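K.L.:
The primary structure of each chain is shown beneath.
2 protein chains.
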Amino acid sequence: MKILITGIAGFVGSGLAKELLGLGHDIVGVDNLSNGRIQNVPVGADFVKGDCHDFDTLKVLFEKHSFQLVYHLAGQSSGEISFENPIYDLESNTTSTLHLINFCKLFSVPKMIYASTMSVYGDAEELPVSETYTNLIPKSFYAVGKLASENYLRINSNKNFQTVALRFFNIYGPGQNLENLKQGMVSIFLAQMIKSRTITIKGSGERFRDFIHIKDVIEALKALMFKDYKEDFKIYNICSGQPTKVKNLISLLESSSSFKIKHQYTDSTPGDQFGIYGSYSAFQRDFEWLPKVSFDDGIKDLVKLYEKD
Amino acid sequence: MKILITGIAGFVGSGLAKELLGLGHDIVGVDNLSNGRIQNVPVGADFVKGDCHDFDTLKVLFEKHSFQLVYHLAGQSSGEISFENPIYDLESNTTSTLHLINFCKLFSVPKMIYASTMSVYGDAEELPVSETYTNLIPKSFYAVGKLASENYLRINSNKNFQTVALRFFNIYGPGQNLENLKQGMVSIFLAQMIKSRTITIKGSGERFRDFIHIKDVIEALKALMFKDYKEDFKIYNICSGQPTKVKNLISLLESSSSFKIKHQYTDSTPGDQFGIYGSYSAFQRDFEWLPKVSFDDGIKDLVKLYEKD
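These protein sequences, in sequence, are chains X and W. Every letter in the first sequence is one number past the one before it in this note's numbering, and letter 213, counting from 1, is 254. Every letter in the second sequence is one number past the one before it in this note's numbering, and letter 56, counting from 1, is 97.
Think of the hints as simulated: they come from the structure by calculation, not from any bench. Keep in mind it's a predicted model, so treat the numbers as computed, not measured. Some hints could be false.
Note that identical chains are pooled: a pair holds if it fits in a single copy or bridges any two copies.
Simulated crosslink set (DSSO-like; lysine-lysine; CA at most 30 Å straight-line) [as the list claims (entries may be wrong)]:
| hint | residue 1 | residue 2 |
| --- | --- | --- |
| 1 | K275 | K243 |
| 2 | K90 | K105 |
| 3 | K200 | K243 |
| 4 | K243 | K146 |
Take these sequences, add in the hints, and give me the full structure.
P.N.:
The structure is reproduced here in structure tokens:
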């Protein structure tokens, strides 16, 4: 199958590309390398450097290749950075989606899978939050743009162009960019820990998150490849279903380390959600998917891996 | 008071500008004249031709003037056109809002009032719909971009930058552009009636809308000028509170005309809501505003006015 992966040099995109190449698929990838790294792009993928919000970049790709599936994973993925450059955030997360929708329809691509985020829920009042929760009050520019993209997909989906938006919760695991200290709670803490053996936590330790391992995320993305969709547009949570307090993540990181680690608390970042965790029962029901990596194992292995480097 | 009105050459912007000039305010206006007409800009307003999604246009304006209030009324306002050019729609309705927020904050403008739309409700299940309704499923690109703008305002508002988003229902009245046959239900029908004495209705006559006269809209916009806001960000419906079936609008137009008018029904346009009307009780409570022009009078006067021309 010929598949386009946007954001192929990123954490999720590169992991997915590697898997799909291993299964014998024909992978084309695009990435502007603003956060992704060229060395992440797996051998065998056809790579183009460019912006997904750039019409001409996409035009060349769609004219050259006949895609059967698009994974749109590219985008600015830090709530914090979205406050510093809201226009770039809107372009990379929303304009890109609009362009891709247009090209998919023009070139009869039957399916598109979109990386959305649990951030669209804001401070959800019903936990674990499910996809049917309606009072969406996004708290960051990032979340606003992702929600708009979901809405664009909903409006454009039909039996000839089926789309899925996955609301990813906090993804962690091998391959995260430890040089970007503004996105990925686990990778931020891990990077600090490795660099200075001190973790600085922006905000309360009582905040809680739903951490999902990259392996489980990739399995979820793969599950969407072949199965027929019952609905032309569908939103799914991709999460572990377990709340973990930030202070417990810190303890686990500290106990997993071979070194003595200190930590300190400071002010929170704007647009940060206090606590959220999700229900994955809809995705489980429709795609027979279950998260498999336990948080304890996932974190321990990750610390081991990075402390070895 | 020095006031910026974006979309000053448009239906609402020009009407507001005229009123505020009459009250002795200092009015600066910007418009790209894509839909608005230069002859609409009232004498006495300081006018700049330009796009509100263009950083440099806004930079010049904010550097030159010290605004105390911004009315952001510019934007592509047709659901139908938003399907033909979603990227332009996103830029004119959403990127423009982001830029204006940034400039207002940078130049310490204390208040911004935004023209949103009842389209953000989609097919609301509770009628009359109020601002607390949560299950927002926008059906057009236009509505997606407006909803995103509301969210950007919510995130950015604080005691030093207070904002209000007005969800306008179907505005009609003198000053509507009768040359644009893709926006404004009343003006579309009126234009057809005057040109060919035949009205073509896209979609069912059983659909219903909440029509609000331009005079009442301008009173609402004026009411927001001086009163202190209780909350830093607030959304209000601006509507009549009355549902009117499309077929009844047609009858009223026909009976108001001096000529024999025919009508015919055809297929609906994409993203059209079936039926909606709103509750204005929140705005009434906070700003002592009430719609005053009856629909019958409003339509009769309008037909008389345009048939005279």
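K.L.:
Check the structure against each numbered hint from earlier and tell me which ones fail, lowest number first.
P.N.:
Hints that this structure does not satisfy do not exist here, as all of them hold.
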